[in-house]
Structure formats: C-alpha cells, structure tokens
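As a plain string of letters, each chain reads:
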Amino acid sequence: MAKIIATRETKHVEINMKQPLKLRLSKKKRFVPLFLLMFPGLLYLSINNYIPMFGLFIAFKDINFAQGIWGSDWVGFRNFEYLFSTRDAWVITRNTILYNSAFIVFTMVAALALAILLNEVKNKLLARFYQSVVLLPYLISMVIISYLVFAVFSTRTGLMNQTILPLLGLDQVSWYTEAMHWPWILTSVKVWNDVGFFTVILFAAVIGISNEYYEAAKLDGATKWQQIRYITLPSIAPVIVMLVLIGIGKIFYSDFGLFYVVPMDSGPLYSTTNVIDTYVFRGLMQLGDISMSAAAGFYQSIVGFVLVVISNWLVRRKNKENALF
Amino acid sequence: MKVQNKNRQWTLNIFMMFVASVFILPFVLLIISSLTDEVAVVQYGYSFFPKEFSLDAYSYLWDQRGQILHAYGITILVTVVGTVLGLTMTAMLAYPLSRKDMPLRNVLGFLVFFTIIFNGGLVPTYLVYTNLLDLKNTIWAQIIPYLLMNGFNVLLMRTFFTTTIPDSIIESARIDGAGEIRIFRSLVLPLSLPILATIGLLMATMYWNNWFNQMLFITDPGLYTIQNLLNRIMTDIQFLQNSDLASDASAAADLPSTTVRMAIAVIGILPILITYPFFTKYFRKGIAVGAVKG
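These protein sequence lines are chains F and G, in that order.
Numbering-wise (the working numbering), the first sequence opens with residue 1 and increments by one.
Numbering-wise (the working numbering), the second sequence opens with residue 1 and increments by one.
Okay, chain F solo, but in the shape it has when bound (with noise of 0.2 Å):
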C-alpha cells in the first residue's frame, strides 16, 4: 500500500516538475524587457547606495592614502576609541540630538497653530496665498537663506545691530564669534525654514476632517475652541504622531547646510554649531583626518538606522498603515 502511494507521489511530482519548468521559461522569457527596464536604476542604487554600505568598514581601518584604502592596516576598534575619548564625541551628539529635538517641537506646535488657523480663513484665495508664501523658504537653498541671516545678523552692517539694538537700547552683538546665541538663531531659521512644508500636510488633514461633526458640535453649542480641541486635534492626532515619529527616526541626523552654511563655518560657534554631519565633514574635507571622521559617520549610521527601525516599530503599532514598513 506504501509503495503504491508512493510511486503515485512520484509520478505527480514528476509531471508537475515538467510542464510549469517550460511555462515558467516562457513566462520570464515575457519579464526579460521588464528587466532590462530596471537595470539602470539597480545597477545605480548598487554603485550609490550599497557599495558605500559595505564601505562602512574604513571605520575599522588606519587609512593612509600610500597604502591605498584595500592596503590601509586594520586597527579594530581604535578609531571609535580615539573617536569617543574626545569631548567632540560628546558635543556632535548632544548637539544633534538637542537641536533635531527643538526643531521637532517647536515646527509642529507652529504648523498646527497655522493649519488650523488657516482652516478658518474664509477667503480660499487667501487661503492659497498664505501656504504659498509660508512654504517659499522650504524652496530656497541654505545658502540663499544664509544670506539672509548673514543680512540679519552681520556684526557690522546688519539689521540687528545697526537698527534693532539700537532702538531698544542694547549694546550691539558679535553674533558670528559668540556660541551662545546660536542655539535659539539655528532654531528660529530651522522653524522657519520648514514649518510651511508641515502646514501643508497637516492643513491636508484638517480639510478632510467631515463639516458634520463641526455642525452637529455648534448646534450643541460648542465654541470655536472647544471644537478645536475636542475635534479637529484628535482628527489629525495620527498624523502628528507620525510626522513626530519619523521627525525622531531621522534625529541622529542633521540639515548639514543650516549647521555649516549658516554659522558660515566660524570656528568660535563650534560648540554650539557643531553637529555629526558637519564633523563627518570637516574631518574628511578640511582635517584630512578620514579615519575618525568615518569611524563617526559609522556610529551615526548605525545609531540612525536602529532608531529609524524603532520609530518605525512604533508608528506601526498606532497605525499600520502608515508605517514606512
């Protein structure tokens, strides 16, 4: 009885095995233009994006550019050694984290503010003209906008200095040689710089928001306020959360232009303009100092990408929808 199933098994397996085989080489023979379709764009990734992942590796290595970057010594753990023993270690980290942080809080809390408040303009004309205009400095390069601070803050002939001191009768400022004011001068122009593109999407979410809800509140009686905070905010409260959560999976990372373009890489703010991406960079381009400087965008890679995978944890968790994956 055994063997008679068996061979019967066998037989099927048989007849299965041959026929698909040719139709499967049929069908693939179909996807072969498909194929070719994609070859340019997997051959870039695999040149710009996962040869430099395997790159990471010159962390671990002396580089000297006599022996090559094959023929370089390996040397372990050494350069994170270096790396973390100096009080830049420190400073790059507390910086980004910090700095990412505010930004964080303060755009969202400003394009909440604006969404909502552009939710009651009547006027859709007006209405188009202010998120046209709030979104203007998310399209000018960092270097354009560090020409407006620079016109701004410019010790000898800047607005601040020249016109708004002066008429509050306060004593004029170096601003690009003193570290202190940097942290709320980066802010403010950060904020300012993106708080249009988050109007945009949560202003998005506020208009999809059904008009039955507010007429069934106001026959209720309930204030403009009170139908903000008990509708609208918990309405669009997902898409702050995700907003914020993806805002915390990028946090190891920095807009490098705002930290070098517009401090215009003065060494004496360095201790408050001093982030990962801009030592990464000085380390490579100006130091010549490649060892640290990959041993430190190793460590942010890898502290990046594990907190990307949490953040992503648990956006997935509230919503799986809108998970990045």
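Just so you know, the hints here were simulated from the structure itself, not pulled from any lab data.
Glycine is no exception: its CB is placed at the ideal position from the N, C-alpha and C atoms.
Partial pick of chain F residues on the chain G-facing surface, computed with a CB cut under 8 Å:
1) L34
2) L42
3) I47
4) N48
5) K122
6) S146
7) L159
8) M264
9) D265
As a list, the in silico DSBU-like pairs of lysine-lysine whose alpha-carbon atoms are at most 35 Å apart:
10) G:K100 / F:K250
11) G:K100 / F:K318
12) G:K281 / F:K318
13) F:K124 / G:K281
14) F:K320 / F:K224
15) F:K124 / F:K318
16) F:K28 / G:K100
17) F:K218 / F:K122
18) G:K6 / F:K218
19) G:K281 / F:K218
20) F:K250 / G:K285
21) G:K285 / F:K218
22) F:K250 / G:K136
Given the structure of chain F, go ahead and fit chain G onto it with the hints provided.
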C-alpha cells in the same frame, strides 16, 4: 452674528498677513539691501528704508557677468540633464516593481526600500565617487549623486502606478500584441503625467539648489554652479575677483562688497521667486503626496 463673523475674519486675516510678512520680509530686506548705496550700508547697515539707493552693486556684477552667466549655464545644464535622467530612471525602476506578476518583485522592492533606511554615510560615498569612479571635477559629479539618491521617489511612483493604472488596461494592451516596453512607453507613462510632473519638479528644485556636491567634488571654477558661487562668495567676497574667469580684474579696487554680496544672492534667487507663483500648486500637491510615506 454676521457682523461678529466678519470682524473675526478681519482679525484673522490681519494676523495671517503679519505671519506672511515674517516669511516675506527677509527677502525684501535682501532685495532692498542690494539696491542700497555702499556708503549708506557701511554707515547704517542693511535696512528696509535706506538713506540712498544705488545700482552700483548690479553694475559691478554686470562687469563680472562672464562668470555669473557661466555659472548659470552650468546650473541649468545640471538641472535639466539631472532631472530628465533621474525621472526616467525612477519611472523605469518603479514600473516593473508595480507589476503584480513581476518575478522577484518583493526581493527587488526590498532592496530599493532598504536604501531609504540605511546608508553608508558621507565618507564611503565620497570615496566611491572620487576613488572608484574618479568623477572629481567633472560635470557628472554634480548629476549622478542626486539621480535617485535613494529609493524614496521610486517607491512613491510605484505606489502611483499600482493604485491608478488598472491591470486590465495592461492586460488588454498585451492581448492586442503590444510589447512590455511599448506598454510602458505609450500607455503607462502618458497616464502618469501628474506624478511625473510632481516628482520632476521636486527633483529640479533639488538640483537647482544643490551646492553640497559642489563643495565635495568641484574645485575647478569653470564648473561652478550659481549656488556654489554664492557659497564661495559668502565666505570670501574677494572670490569674484581672484577667480580666473573674472572678466575684468582691474575693477577689483572699488568693490562695493557689502551690497554686491546681496545683489548676487538676488540674482541667484530671482528665477525661483519669479516662477514660484506658477508652480506653488504642484509643490503643495507634491508634498501632500510624499507625506503619506515619509
């Protein structure tokens, strides 16, 4: 009740106008500063109400137009070539990934996706472009690194293809005897113009604004884009005169440096300020689309 509502709208709009001015005034200051007399700036600083207007900064830049026009040309070249190539590559990679019957679809989709959440960082990327590909001081160093950057736009476009192009259309085209490439080119692409326009616009803005790759890869002033020129001048106003491309080296003596700085920024920003009102709708739409996934 109606009067109250009207009053409320007025207060609201006045407040919003105030907010809007916070976003516009810095640009106004930039433009007015560029039109101020050099002596007035040195004495009273950049101001919304200058003591004396002057076109000196612009006439100085006009004398130096050789380099500025050249930089503009490079910027336009990089923007056009980069956007066209990048958009094509994005669509070509996104379409097969959107096909449900595509073999290896999930594996390849994951490989594209993984580039969004993990990257090798600056140092290895820099070494790939300088050591492996040897692109330092070539026009390609400004184009290639931003073509796809990572898989984000690819996934955005894939979502568009899967949600808006019905399988039945593709199937019927195939029964009519159209090949895969033909289906992609004459059926899928024309149906996807909205997403192509949106992503294309964001890509073009990114290329236009890009100065970081210039700082990494370009030392030859002949390849400078307008953004990079601005960046160099920010830290060194003398740059315009020192460079080999400056058309008139003798003008160096009386450089109105504080206003020229602002004038060249105005020249860099003008194309965006002029075209922005026409594109703003697409930007808003594009951001709303992209926001769904990140």
